[in-house]
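With chain A's structure known, arrange chain B on it following the hints.
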Amino acid sequence: MHIVIIGNGISGVSVAKSLRESSDAEITIVSSESISFFSRPALMYVFMGKMRFKDILPFPSDYWVRNKMKQVYGVVDEIDAENQKVCLDNGSVLHYDKLVLALGSQPKSLGLDEFKLEGIQGFYSLQDLEKLQDSAKKIKHASIIGGGLIGVELAEMFVSRGISFTFWVREKWFGSNFLPQEEAELVTNHLLSKNINIKFEIEIIGFEADGLNRVKSVESHSGEKSDTDLVCICIGVKPNVDWLKLTNVQINTGVLVNEHLQTNIASIYAVGDCVEFKNPVYGRKSIETLWYTGRLMGEYLGKNILHENPPPYEPGIYFNSAKFFDVEYQIYGDVPPSFSESYGTVFWKHPTKYKSIRLVYNATNKVFIGCCVLGIRFRQEVCEKWIKEKWKISEVLPLLSEANFDSEFSTRHEKEFMDIYNNTVI
Amino acid sequence: MISILKWSQWLFNFEVKNEGVWFKSLSNRGVVGWILALFLSFGYIILYFFPAWLGLGAKGMSNTGFIAWFDPISIFFNGSAASQWFVYGFLYTLIILIMGVKFIVKYKNNNYQIIRTISLMFFQLCFAFIIPEIMASLNQPAMDLKNMWPLNYYFFFDWNIKKLLSSGYFGLFLMVWGIALTFIISPVLTYFYGKRWYCSWVCGCGGLAETAGDPFRHLSDNSETAWKWERRIIYPVLFLVCLMTLTILDSFFRKNPETYWISFSHFKIIILLLLSGIIALGIRQNGWLKGVSKWSKIAFISLGIILFIVIAFSWSYQKPVLLINALKLREWYGFYVGAIFSGIIGVGFYPLMGSRVWCRFGCPMAAILGIQQRFFSRFRITVNGGQCISCGNCSTYCEMGIDVRAYAQKGENIVRASCVGCGICAEVCPRGVLKLENGPISLDNGKIRF
Numbered sequence: 033m034h035i036v037i038i039g040n041g042i043s044g045v046s047v048a049k050s051l052r053e054s055s056d057a058e059i060t061i062v063s064s065e066s067i068s069f070f071s072r073p074a075l076m077y078v079f080m081g082k083m084r085f086k087d088i089l090p091f092p093s094d095y096w097v098r099n100k101m102k103q104v105y106g107v108v109d110e111i112d113a114e115n116q117k118v119c120l121d122n123g124s125v126l127h128y129d130k131l132v133l134a135l136g137s138q139p140k141s142l143g144l145d146e147f148k149l150e151g152i153q154g155f156y157s158l159q160d161l162e163k164l165q166d167s168a169k170k171i172k173h174a175s176i177i178g179g180g181l182i183g184v185e186l187a188e189m190f191v192s193r194g195i196s197f198t199f200w201v202r203e204k205w206f207g208s209n210f211l212p213q214e215e216a217e218l219v220t221n222h223l224l225s226k227n228i229n230i231k232f233e234i235e236i237i238g239f240e241a242d243g244l245n246r247v248k249s250v251e252s253h254s255g256e257k258s259d260t261d262l263v264c265i266c267i268g269v270k271p272n273v274d275w276l277k278l279t280n281v282q283i284n285t286g287v288l289v290n291e292h293l294q295t296n297i298a299s300i301y302a303v304g305d306c307v308e309f310k311n312p313v314y315g316r317k318s319i320e321t322l323w324y325t326g327r328l329m330g331e332y333l334g335k336n337i338l339h340e341n342p343p344p345y346e347p348g349i350y351f352n353s354a355k356f357f358d359v360e361y362q363i364y365g366d367v368p369p370s371f372s373e374s375y376g377t378v379f380w381k382h383p384t385k386y387k388s389i390r391l392v393y394n395a396t397n398k399v400f401i402g403c404c405v406l407g408i409r410f411r412q413e414v415c416e417k418w419i420k421e422k423w424k425i426s427e428v429l430p431l432l433s434e435a436n437f438d439s440e441f442s443t444r445h446e447k448e449f450m451d452i453y454n455n456t457v458i
Numbered sequence: 103m104i105s106i107l108k109w110s111q112w113l114f115n116f117e118v119k120n121e122g123v124w125f126k127s128l129s130n131r132g133v134v135g136w137i138l139a140l141f142l143s144f145g146y147i148i149l150y151f152f153p154a155w156l157g158l159g160a161k162g163m164s165n166t167g168f169i170a171w172f173d174p175i176s177i178f179f180n181g182s183a184a185s186q187w188f189v190y191g192f193l194y195t196l197i198i199l200i201m202g203v204k205f206i207v208k209y210k211n212n213n214y215q216i217i218r219t220i221s222l223m224f225f226q227l228c229f230a231f232i233i234p235e236i237m238a239s240l241n242q243p244a245m246d247l248k249n250m251w252p253l254n255y256y257f258f259f260d261w262n263i264k265k266l267l268s269s270g271y272f273g274l275f276l277m278v279w280g281i282a283l284t285f286i287i288s289p290v291l292t293y294f295y296g297k298r299w300y301c302s303w304v305c306g307c308g309g310l311a312e313t314a315g316d317p318f319r320h321l322s323d324n325s326e327t328a329w330k331w332e333r334r335i336i337y338p339v340l341f342l343v344c345l346m347t348l349t350i351l352d353s354f355f356r357k358n359p360e361t362y363w364i365s366f367s368h369f370k371i372i373i374l375l376l377l378s379g380i381i382a383l384g385i386r387q388n389g390w391l392k393g394v395s396k397w398s399k400i401a402f403i404s405l406g407i408i409l410f411i412v413i414a415f416s417w418s419y420q421k422p423v424l425l426i427n428a429l430k431l432r433e434w435y436g437f438y439v440g441a442i443f444s445g446i447i448g449v450g451f452y453p454l455m456g457s458r459v460w461c462r463f464g465c466p467m468a469a470i471l472g473i474q475q476r477f478f479s480r481f482r483i484t485v486n487g488g489q490c491i492s493c494g495n496c497s498t499y500c501e502m503g504i505d506v507r508a509y510a511q512k513g514e515n516i517v518r519a520s521c522v523g524c525g526i527c528a529e530v531c532p533r534g535v536l537k538l539e540n541g542p543i544s545l546d547n548g549k550i551r552f
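Taken in sequence, the protein lines are chains A and B. Using our numbering, read the first sequence as starting at 33 and increasing by one per residue. Using our numbering, read the second sequence as starting at 103 and increasing by one per residue.
For the record, the hints were derived by calculation from the structure and aren't laboratory data. Do not take every clue at face value.
Simulated restraints, written as ranges between beta carbons of each label pair [said to hold, decoys possible]:
1. B/Y337 / A/D56: 52 to 60 Å
2. A/S196 / B/Y337: 52 to 60 Å
3. A/D56 / B/I147: 34 to 42 Å
4. B/N211 / A/N341: 46 to 54 Å
5. A/I452 / B/N211: 17 to 25 Å
6. A/D451 / B/P174: 53 to 61 Å
7. B/N211 / A/E346: 34 to 42 Å
8. A/I452 / B/P542: 25 to 33 Å
9. B/F144 / A/D259: 48 to 56 Å
10. B/K119 / A/G243: 39 to 47 Å
Here a beta-carbon is modelled for each residue, glycine too, at the ideal position from N, C-alpha and C.
Next up, chain A with everything else stripped away, as it sits in the complex:
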């Protein structure tokens, strides 16, 4: 049995890792990005000089040999599904019994063909980091376009290296696409406190290049031009599946899969960012480009790829986390950016520090359905338990301190939160 995995990000490697726990199958991992698996969210720390590249490799170098996983560095040219083989650009051919596509994603474009210009890039891959390292030495003024997680990471990176930049955000607040209003305001205030040059409610509609095809300025929707020699486009990512159009694997925005992560071709599976569910689990998106989701899918597939009758993939209670400069963010369960009538919510924020707690419940039956915190850490196990077991919000509140995961001697705010709750009419 030979399992070939294309892509060595968290999804692909999780497949290999959990497959190896139960099977002796031959495993080959192909990547054109880097020889070895590295932590993608940690790329920013290499740029900031907090870690070297070798520090962001999650496994020791002998891990792959020890676990009999073959690593192949190369570009896949062709997938021949009929003969179950993969052809690489160096001419070698890999025959597989099962193929796993863990292709990841790629930066979304503004639709202006902007990636053709020199000096315009996304920040996703190791190659993007290398390009950025190169540019960082010679640029005068950078631009970040898009108020999302990667945008704020880039802002932090540029600040740490003393690179002057403008941060262009289309919305009124930073993060209003994925954060509730109050949280978005809080994070925005934190960004402003860092004295970064951030421009809200401006859309970039064009770029100007110099004679050498290098970007010279960006143009806003009001026609204003602003000089820049490096532009990072961070308006989100999309599944990296363009090259699959030449194969028989069925794709839409991502690789279409069933509840077993199987594509239209029985021996080919897909995991992680590149996946698009035909029938997503209730309440979840069909495409979820998250590190954690990729790992969960990978672990599921590694466990079940050799099973005759595998159980369907269950994503579990939604969770995610991020960090905006110094402020950590965690979310468990269902916390939408805006609340319809069916949601009830209790929100507390610290009067001076960048800290907040929000609990969300179902307005009709008062069942706790989610929470998100800024500047405070919550325990995943506890929050998951409350959500899974459908605790009432009134049962959760007295035990809120059990969820706290802050370091010892941290100031606690459960009492203040209770006061807010008691003053809210439920």
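Frame of chain A; chain B shown alone:
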């Protein structure tokens, strides 16, 4: 002027947390780092072996030069001119205080770090520096009340015992205190809080490592090979210090068989009971040697028998215990471990091997506390579900070179002998995944049993 400004900016940086540490020559084993390492190492060598070069006056002569600068301070504290050890203690304390303030400013958003650092500064200033000076000025035996055996390897030396027991009730108190610290207070505190109560809250070596050593913590090697060497060195040092203490006490009691309320025969019985207890505990911890092959069992048991025969033989025929020359061993340990390892390498190698070289590879105290922490302590670092993004900040900034990430990405609690509980892994984690805990086990997913 600009360079002074830059330097003070580095010293009291309000915003930056470990940004650019791999770009700077000082913290990247660059030229500046090497120069500092050489400076510190040679500083120790001169202080230990050639204090006259620093201006220490020969017997009866007054100090000159560098050491003479400290005479007024020394006279203020204890009434006599500065010795090289006074200068060392004074500078050591001063550095912990200055760099402690820097550390607190750097981690100002974390109360655990602030309180812990104040504790370190307090114990260094009062227990290691001021109180011993006061004791000395009152003509009492001067002792660092927190420096316990086996880190304080001369506590059970004949001259120290004699000094303490000839100083009346105060000396007796110090004797009882020292023994209680090692055998009662420390095990109890370590059970509840882990070895951190000592290593990163109280200890002087820890104090310097946590404050002055903080800019170098990422230089600790976190490979498995380094871990292997750690175990290969630290446990033999522990063995050596035990052996040395045993042989010294043996010769001490042999020379004074009935002078004290513990006689030579009492001593022999205590030691034999202690040894058997440790061996029994070790066997129990290994499941009464279950799963160990027959031949290893035989080898293990015969080794034990041989050890007992040699001890019994040496004691009944009035030979030194294990036939070891106690004075030679003591000289050897004092020079190689006491001076070269804990001093020159322990501090001089900060810019090369990270801030905890001595604590990690050499300290016998850390070894004992570590064994206890691994097997009989509530302390552990818990991992918050599946939130780890494998970024590696925890492993990089672990001063003990523990590959924290290897546990965190599996969702496994971290229970390691070497962890000093500094809490920096939890602080640098960008996703809030780690937490130091010592409460009773309730919500953990970790593999810890009591």
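Going through the hints against the structure:
For B/Y337 and A/D56, the Cβ-Cβ distance of about 37 Å falls outside the hinted range of 52 to 60 Å, so the restraint is violated. With their beta carbons about 54 Å apart, A/S196 and B/Y337 fall inside the hinted range of 52 to 60 Å. Checked against the hint of 34 to 42 Å, the pair A/D56 and B/I147 fails, with Cβ atoms roughly 56 Å apart. For the pair B/N211 and A/N341, the supplied restraint of 46 to 54 Å holds, since their beta-carbon distance comes to about 52 Å.
At about 23 Å, the CB distance of A/I452 to B/N211 agrees with the hint of 17 to 25 Å. Checked against the given bound of 53 to 61 Å, the beta carbons of A/D451 and B/P174, roughly 57 Å apart, stay inside it. Take B/N211 and A/E346: their Cβ atoms lie about 38 Å apart, and the range 34 to 42 Å holds. A C-beta distance of roughly 31 Å is found between A/I452 and B/P542, which places it inside the suggested range of 25 to 33 Å.
Separated by about 53 Å at the C-beta atoms, B/F144 and A/D259 satisfy the suggested range of 48 to 56 Å. At roughly 43 Å, the beta carbons of B/K119 and A/G243 sit within the given window of 39 to 47 Å.
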